[in-house]
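Number of protein chains: 4
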Amino acid sequence: MRIGILNSGGDCPGLNAVTHGVVGAAHKIGWEVIGFRDGFEGLLPPGDYRFLTPEDTMGILKLGGTILGSTNKGHFSAKIGVGNVTEIPKEIIDRARRTIDQLEIEALIIVGGDGSLTTGLQLFRQGWPIIGVPKTIDNDLSATAMSFGFDSAVTTVVDALDRLNTTAESHKRVMVLEVMGRHAGWIALWGGIAGGANVILLPEIPFSLQKIADFIKNRDAQGQHATLVVVAEGAKLPDGELVTIDKNSTGEIRLGGISEQVAARLQELTKKETRATTLGHLQRGGAPTAFDRILGMRFGVMAVNLAKQKAFGRMVSYEAYHVDSVTIEEAVNKLRLVDPDGEFVQVARAVGICMGDS
Amino acid sequence: MRIGILNSGGDCPGLNAVTHGVVGAAHKIGWEVIGFRDGFEGLLPPGDYRFLTPEDTMGILKLGGTILGSTNKGHFSAKIGVGNVTEIPKEIIDRARRTIDQLEIEALIIVGGDGSLTTGLQLFRQGWPIIGVPKTIDNDLSATAMSFGFDSAVTTVVDALDRLNTTAESHKRVMVLEVMGRHAGWIALWGGIAGGANVILLPEIPFSLQKIADFIKNRDAQGQHATLVVVAEGAKLPDGELVTIDKNSTGEIRLGGISEQVAARLQELTKKETRATTLGHLQRGGAPTAFDRILGMRFGVMAVNLAKQKAFGRMVSYEAYHVDSVTIEEAVNKLRLVDPDGEFVQVARAVGICMGDS
Amino acid sequence: MRIGILNSGGDCPGLNAVTHGVVGAAHKIGWEVIGFRDGFEGLLPPGDYRFLTPEDTMGILKLGGTILGSTNKGHFSAKIGVGNVTEIPKEIIDRARRTIDQLEIEALIIVGGDGSLTTGLQLFRQGWPIIGVPKTIDNDLSATAMSFGFDSAVTTVVDALDRLNTTAESHKRVMVLEVMGRHAGWIALWGGIAGGANVILLPEIPFSLQKIADFIKNRDAQGQHATLVVVAEGAKLPDGELVTIDKNSTGEIRLGGISEQVAARLQELTKKETRATTLGHLQRGGAPTAFDRILGMRFGVMAVNLAKQKAFGRMVSYEAYHVDSVTIEEAVNKLRLVDPDGEFVQVARAVGICMGDS
Amino acid sequence: MRIGILNSGGDCPGLNAVTHGVVGAAHKIGWEVIGFRDGFEGLLPPGDYRFLTPEDTMGILKLGGTILGSTNKGHFSAKIGVGNVTEIPKEIIDRARRTIDQLEIEALIIVGGDGSLTTGLQLFRQGWPIIGVPKTIDNDLSATAMSFGFDSAVTTVVDALDRLNTTAESHKRVMVLEVMGRHAGWIALWGGIAGGANVILLPEIPFSLQKIADFIKNRDAQGQHATLVVVAEGAKLPDGELVTIDKNSTGEIRLGGISEQVAARLQELTKKETRATTLGHLQRGGAPTAFDRILGMRFGVMAVNLAKQKAFGRMVSYEAYHVDSVTIEEAVNKLRLVDPDGEFVQVARAVGICMGDS
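Chains as they are written, first to last, in our numbering: chain B, 20 to 377; chain L, 20 to 377; chain U, 20 to 377; chain W, 20 to 377.
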């Protein structure tokens, strides 16, 4: 039995943890794993792939990026975004199918975002044995409450805010930090809350620069001279206002990103020194956090379970949770022990960890 | 209106985030907050406490430990553990009550573990306005799926395993790491999975040293000469076996902790160099992770909500979640946007973060 | 006896370690320390200052920024740069002098860069008891081989390169990272070497974009598809070439910083996906490394020593060192033990650390 | 031309940076590099080795441990310590020599500590082309002012102290941290200074537990209820006093390491809660700091330079430096630019980094 796996779209901390989980769990039940290189491109004949054994994946758990490579361009690229689905040409699909058949792949795990999963759905509808694993660093896929990579990105944002805070306080400045989030502001929201931001601007909540300036001036009046602003890259300046920044003394005209535009306007409105920083690709790179390593592995193990059950056309998900309350009486004196037969122990066993009892 | 807050029991990364959330949310609705020092001890007349304003809690989000101080001893200490509830003497309770009455405290938030919450329950039954926030770094309280501090502890374990792994591979050794978890092995299980451990030993799963030795020898035969073993402090040597370790050349006899005993026995059984390390207090200290900062703040904000609703005798909790699957068709093309009226935005607003729209 | 201390110019990791060293060492010999706020501005009547005791500086060792505040603007700001010295008006100096006299300051420690030290020199020449501590995150002051903050900045660059490297390899990209270094390229050079950069561009070494493109294409031909480029902010495009970047699909014209210009040209010349990132203020913020904490403390302790000796007009420095070789015979069998009377133990004792012998 | 390299003795962060420097610099001048596995053992026929190219060492700069493997046991192990030199049997040397001759190794770089370098010296005296690179995480080799790995170990100690400090303050405890340093206390001294320790105990300075207890009680009286004690593993209890620790309630008798013994005695003398932690192997593992990556690479490049010059019997060293002072007048207005022909640029070029000018 053979499983194929590929990574598609932008890279994301935890991709290798998924691969680790898939290879470990497959090996445990005696299945082989073939990893395709550079996303769907690796499917095109003669096929760009390698067999993956537990030895190959030893030590990859902590690595950022993807050992398989990925691409968000190429023959299979669909326009990402609601309603923007592009069909992949039949000729491309037929060619790729030949590789699948020749290699006798019985399940193909696609680790990708909305666009790549849409491609996967098209393939599934044509009879391919597709299993999806959601990959969205922005954490904006509605069918999963949490996806790997998000916690790592938030951690990077929090670290950046901790740094900017000290320099903001030393110089009584406004610091504006631009973070990822094209459509959804989760990274800005979580990162801003955990990083002690004073202002958070999201694509989902229209904002007024004048109101923010008033908020900053009010803080100043109360002796709080430093202000941290987090802005999601997809946040929109009110009424399409576009700020022209004259940055160089030589009189060059330039238009910056959203953080530079917000910073320029806030400096104008508040008369305070304001600086912009864009985190950019620093959010994608780097080692995954412990949480993302585990979530990635859990997703990988679940994907193999789905393959075993031939539950094609399904995507691994993470069920919703939220903060709530219970009576203290219900709460005390009941330890929540590890269930020796529960999901977590199963994950550990599935990837070949010895629990000392067999 | 006045809320009191105290931290009780061992310290835990994220305690200050709870305080930050409570103070921010209370201030937003015009309530005062009084922080009692050193747990319940601060309640004894004349009272050891301070008023807490948003200025006081600025910057504490990222600090480990507790700015309020804590104790797991003193006049209120209950024996922790299922069935081991000790009643607090009436005389002590009456004295503490006077402080509460004099300061006109209308809700008392207790951030503590099973023992401290049991004390809180006793007080609630006597008419105190108690609200509980669960604090358990071991994450072993059944009424909450996740508690703050756990992610930080797991992260510390993963960092330690990353370090031990490089030295294990350089020297072809077995490294045994002892982590927290007296009754429940969650830290060992999550930390071990994320840190790439090869063997994980829990209080919940009886193990055989001979089986582990066989597993290690089998790895060696396959060319994997380094093995990482994670053992929870509460894991029990099979059949009460107690290992005597002759560590010094001078012939001193000593008995080590569980990691040293496991290491000594595995070295004997496998003839491989084996080293033990105990993480100990390094797991409690240090800055909370982004996840724990947010969870702590969410717990704090929820505690103030409960106070506002006079929902006394309740404890904040975190509802269960798990990895599952959905059809890809349901999954794609549906962005999960931030709900402008949802819990997360409410938490941000509750602690006074400006969202730019008001 | 009273010492004054102020921080001037841009903030730098380790500033608080200097303050910690000064306060600890002064307290040990029975001197008081007064910290002036916001650089030289704090000297203007009525004086903006606070007394600093060891209790005040407890825990500041690890904090980024400066607890004293700083400014690189104001009444005392000199144009920084060789030959660009601006004299401070006599009237300003006379007013500031009154504060010094009233507070009976017997030595004034100025922690600042080239411009601030030049101001300090002007004051010293007019009879002020000035002692300098060099602060240059770029590490470009010729009179000291190393200054605090530099190691922290290099560490931030290395962390960023580690992150960019994973995403570069996953996507076979060229990543261009812009780091600090207006006149001197030390941060780019050290950071680039330690971070595994493939190309390093400095203000001191004129470069050719064509040669770099050839280098990248050559790497590609050898199967190395990812390339990391580090460019100091002060590096100059060859022959004053200025690149216009049409970034938006809406046709907006913009001119980016040096990293964006280099990236745009390299993408053009190599036809490879190229991305630019600017680290900016992330390099100044954040906790100082262990090395910078120690160097800052050593500088602070030395500054108090100079004050005690009335060695005014002097600046603390760090003597040159370099990699060399010796015969192995000279090298072996000679342990380099801690000298109980050497500088390091003296620093420890000077700030009040107990060595267990008195 | 061929260079051999081996790592001998305990592992140390930065070992792979040395290998990276050697391979890069050798490749640049057209020499081949052979890496021997597991220290001198790899020299025994038929030889356990691999050829190392720049591709092989790509990405190893940031890895802890050693890709070559090491051992501090085996046929070549010398008793380490002043005056404890053990000669390697002639028969072993002759066998190893055959491997060197067959592979036509023209220089053999030994990266090792005092014992391994002593073995190297013996080989050099018998005509082997030996070049030494000092490896001592304790930084206790007299012939080099600094060795790689030390900064990483100090950083680990500082991180641990930051963690212990928060828990010490929350619970008003004395925390005792045991760090490496068998003969020399450098790690304890640097780590303790940078980590804000209150007490530092070294092998070089005899101490009195009673004096330390008085110091702690004095702190308590001044309201400083938390105390951090750093003790080097080689520090000696006064007058050979050996503390018996009755740790378990079951009455087991045990003798702990130096930190546990110091903690037990201090708790007895001060009546304060005291906890001991031993860092152990966590200090050796983990990624090297930026400083150690650079120092390792510089050592590696210098070793190849020595090989090119046939300067056998020599060891790479790092010349002394210290904190001093200069006149401010000498200091200002002189930028310390990167020397385009200086050591650092040479190191960058030597390992194949493109500086954009050729």
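These are calculated hints, taken from the structure and not from any lab test. Among the hints, erroneous ones may be present.
Identical copies go unnamed one by one, so any copy, or any two together, can satisfy a pair.
[To be verified] Within a straight-line C-alpha distance of at most 20 Å, the following computed EDC-like cross-link-like pairs (lysine to aspartate or glutamate) qualify:
#1 Lys-290 <-> Asp-239
#2 Lys-236 <-> Glu-74
#3 Lys-327 <-> Asp-360
#4 Lys-191 <-> Glu-338
#5 Lys-291 <-> Glu-106
#6 Lys-255 <-> Asp-75
#7 Lys-236 <-> Asp-67
#8 Lys-109 <-> Asp-120
#9 Lys-329 <-> Asp-120
Q: Against the earlier hints, flag every one the structure doesn't satisfy and list their numbers going up.
A: As far as the earlier hints go, 4, 5, 6, 7 are violated by this structure, in ascending order.
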